[in-house]
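Colleague: Spelled out from the first residue to the last, the chains are:
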Amino acid sequence: MKAMLGWFAGLVLIASLAVAAPRGTVPRSSADKYALHAVRNRFSIGVVAVSPEQVRKQFVSDVNRCCVVVEVALYPGKDGKLDVSLNDLILHQNNSEVGEKPASAKVVATKLQKKAQATRDISVYPSVGVGYGSGGYDPATGTREPGGTYKQVGVGVGIGGSGSQPGSSDKDRSAMETELSEKGLPEGSVLAPVSGYVYFPVERKKNQTLTLEYTVNGEKVELRLPQ
Amino acid sequence: MRERVLGLAALLLVFAPVSLPAQSNEQPAPASATTSAPEAASSDAAQSSKEDSNDKDTPAEKRKFRLRLGAVSLSAGFSHFSGPYYYPYAYPFGYAPFGFYPGDFVTASFWYPISSPLPFYGPEAFRYGDGRGEIRLSAEPKEAKVYINGAYAGTVDKLKTLWLDPGAYDLTVSAAGREDFHQRLYVLSGKSLKISAKLDPEQTKENP
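From first to last, the protein sequence lines are chains A and B. Going by our numbering, 22 is the number at position 22 of the first sequence; the sequence numbering is gapless. Here our numbering = 1-based position in the second sequence + 1000.
Hints may contain errors.
Below, a list of computed lysine-lysine pairs in the DSS-like style, where the Cα atoms sit at most 27 Å apart [unchecked claim]:
1) Lys57(A) <-> Lys1142(B)
2) Lys171(A) <-> Lys1160(B)
3) Lys1191(B) <-> Lys171(A)
4) Lys57(A) <-> Lys1191(B)
5) Lys220(A) <-> Lys78(A)
6) Lys1194(B) <-> Lys57(A)
7) Lys115(A) <-> Lys1194(B)
8) Lys1198(B) <-> Lys57(A)
9) Lys1191(B) <-> Lys115(A)
10) Lys171(A) <-> Lys1194(B)
If you're looking for bench data, these hints aren't it; they were derived computationally from the structure.
Kindly produce the complete structure, drawing on both the sequences and the hints.
Modeller: Shown next as C-alpha cells:
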C-alpha cells in the first residue's frame, strides 16, 4: 500500500513539474533555418535577436524595460542528447571579455515590477468655472457691494502613489513570471530540438555590439547579433 | 496690502498640491517591493541584490514620472456674502472682503480639496477596471462561444470587453462547424489586449 502511495506521489510530482516547466517556442526544422546559426559535433544552435518592436508584440510584459531578448534554438547532435542550461549562455557587449548571464523569469519579473512601481503619474486637472455672487455688506468701506459674476481658471496637479502603474502589483509579477517562464528556453536534458526566449539583463544602447557565446562540453560557439 | 495678501494666497494655492506629494515620495518602498526579493532562489537572489545596488547607483532611472491629463473641469457656481467674513489668518483686519477671499474663486471647482463640496478626485479616480486587465475580443461568427480556462464565459457578441485579474488564462473560442481557436493569455492590470479570433471552417474528412 505504501509503495503504491509512493508511486502515486511520484507521478503527481512529475506531472506538476511537467505542467510548470517552460514550454518555450516552436523550433524550426533545423538550425540553418535561422539567420544566425552554428553546427558542432554535439549540437547545433540557431539564434534570433528579437528587436524591441517584436518584443512588444510577443510579450504582454514590458521586457524591453530591463532586458535584451534573444530567441535560442538548440538541436542535439549525433549522440542524441543535450543538456540545456541557461548558465551555458553568455552575452558580451562591445567585445568585452566579461559578459552577462541570462536572468531567470523570476528575476526579470521582479525587476519589471520594481520598475513599474517606480513610475508615477503626474496628473494635471485643468478647471474652468463661472459663477454669480450676490454681493453683501463690506465692513471695510461700510457700503453694500453689488453682486456680479466671477470667472475662475485653475489647474490642479496630482502625483500618483507607487503601485498604481500597470505591472506593479504582486499578481502582475506572478503573471509576468508565468509568461516569461512559459516562453523561455526549456532547461534540462533534451533528446529533441528545443527553443525559447532568453532574457539578458542588459540595457540596449545605440551602436552596441552584442555577441552571444554558448559553451557546452568544451565546445564553444560565438554568434554576433545584428544591431 | 491687498496685493501682497493675494499674492501670498496664490503662492500657497500653487505650491500646496506640489509640496505634499513631494514629501510622500521620500517614504520607503511598499512592502510588496521588499518582500518580493527574498522569494527568489539563491542564485536569483544574488542577481536581485546586484540589480538593487545598480538601481541605487542610478536614481534617475528609478524615479520616472509620466505626465497625463487627469480630468477637465467645467463648473458653475453661486456664492452669497451676507456680512463680515471672519478670516483671521491672512488679513490683518480680521475679515476678508467679498471677492478677495480665495475660497470665492475656487469653491465652484471640484478639484479644490478643502472647500469644495465635491470630493477631491485623485490621479487614480478615473481609472477604469481598477487592478484588472482588459481583453477586447472580436470573432467571427459573433455567436461563437467563449471559454476561459475551460469554463463557459458567454458568447462573443456579449463579451466584447472582458476584465480579468492579472494572471495566465487559456482562451478558447468555438462555434458549430468551425475549428476551435485557442490562445494563451497573459493579463496584467491596466493593460489592454486585443484578440481577433478567426475561426476557420472545419475541414470535412473525405472518404478515399
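Colleague: Looking back at the numbered hints, which does the structure fail to meet, lowest number first?
Modeller: Of the numbered hints given earlier, the structure breaks none, since each of them holds.
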